[in-house]
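J.: Here's the letter readout for the chains.
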Amino acid sequence: MSAADNKKLIEELYAAIAVGNRTRFVETLADDVVMRVTGHYSWSRTFKGKDALLRDLYGYLSTLVADGRRTIPFNIVAGGDHVVVESVGEMQTRAGVPYNNDYCLIYRLKDGRIVEIREYCDSVLTEKILGPYRGPAAA
Amino acid sequence: MSATANKKLVQQIYEDSANRRGTTFYDNLADDACWIVTGENLWSRRFKGRDAIMNNLMGHFRSLFPERPRTVAFNFIAEGDFVAVEARGDNVTKSGQRYDNQYCMIFRIENGRIKEVKEYCDSALVERVLGPFPADRIPQTQP
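Protein chains in written order, with this note's numbering: chain L, 1 to 139; chain Z, 1 to 143.
Since the hints were made in silico from the structure, they are not lab data.
Any given hint could turn out to be false.
[As the list claims (entries may be wrong)] Cross-link-like lysine to any residue pairs, in silico, SDA-like; alpha carbons within 20 Å at most:
hint, chain 1, residue 1, chain 2, residue 2
1, L, K48, L, V34
2, L, K128, Z, E127
3, L, K48, L, F25
4, L, K128, L, G80
5, L, K128, Z, N41
6, Z, K8, L, P98
7, L, K128, Z, Q11
[What the hints assert, rightly or not] Beyond 12 Å from chain L on every Cβ pair, some chain Z residues (computed):
hint, residue
8, N19
9, T23
10, E40
11, R50
12, H60
13, L64
14, T93
15, E110
16, S123
17, L125
18, P139
No residue lacks a Cβ here, since even glycine has one placed at the ideal position from N, Cα and C.
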């Protein structure tokens, strides 16, 4: 697929997420997707495979934040196999504390599937609001 | 300029950085450029204008290292006026601590001039190793 196709796909996934539909995003993850939360803080780790990513990162996040979390993109840059998304999170913890992080996500696509993700965000805010990572992959 | 030319410019900036020399960034920075440290941490701020970027932000950052710090880029993605760069720092502070942050930088370039830079990195590492951004380096002219 071309960079323009990849961009269109990612735009569609975010549009679906914005209205609470995460299914398309999940369907687009390759079985062997690898996601890296970059940096050297407690959440920085590599989630290998779709099952591990959904369970150990997104599943864990769901236990911390209220239902209806959204991430709103405002700039998407595509080139080659990569799509870069700048976005702002609109979330609340289950205790009602706002959690609106600034994100830059790098997606690598292959044949219409997401095979690699790298996340950059404000780790001070992550640890302050969500606490250190204590998900299943912490063990 | 085309996305290809923009990408080439940003690649040269990072080649300078990796080799600790060169002035490509400074030479191509618009007078009214803005550098945005994203997030809500102690360094998060808009540095507006060339002086604020070079003297306040870069000036303070570089003062923490015994030699010009280097950042090594490994991925460039360009489209339209934007170039995204993923990079890793490779540095030791004056106090001897490793400072190897991981960055995603978004450059916006208009007619060959860098108009905006947005920085995303591990702010917990920034605060832990570099400390807070000092009050006396906060640009005074900003609202």
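J.: Name the hints, by number, that the structure is in violation of.
T.: 4, 6, 7, 10, 16, 17
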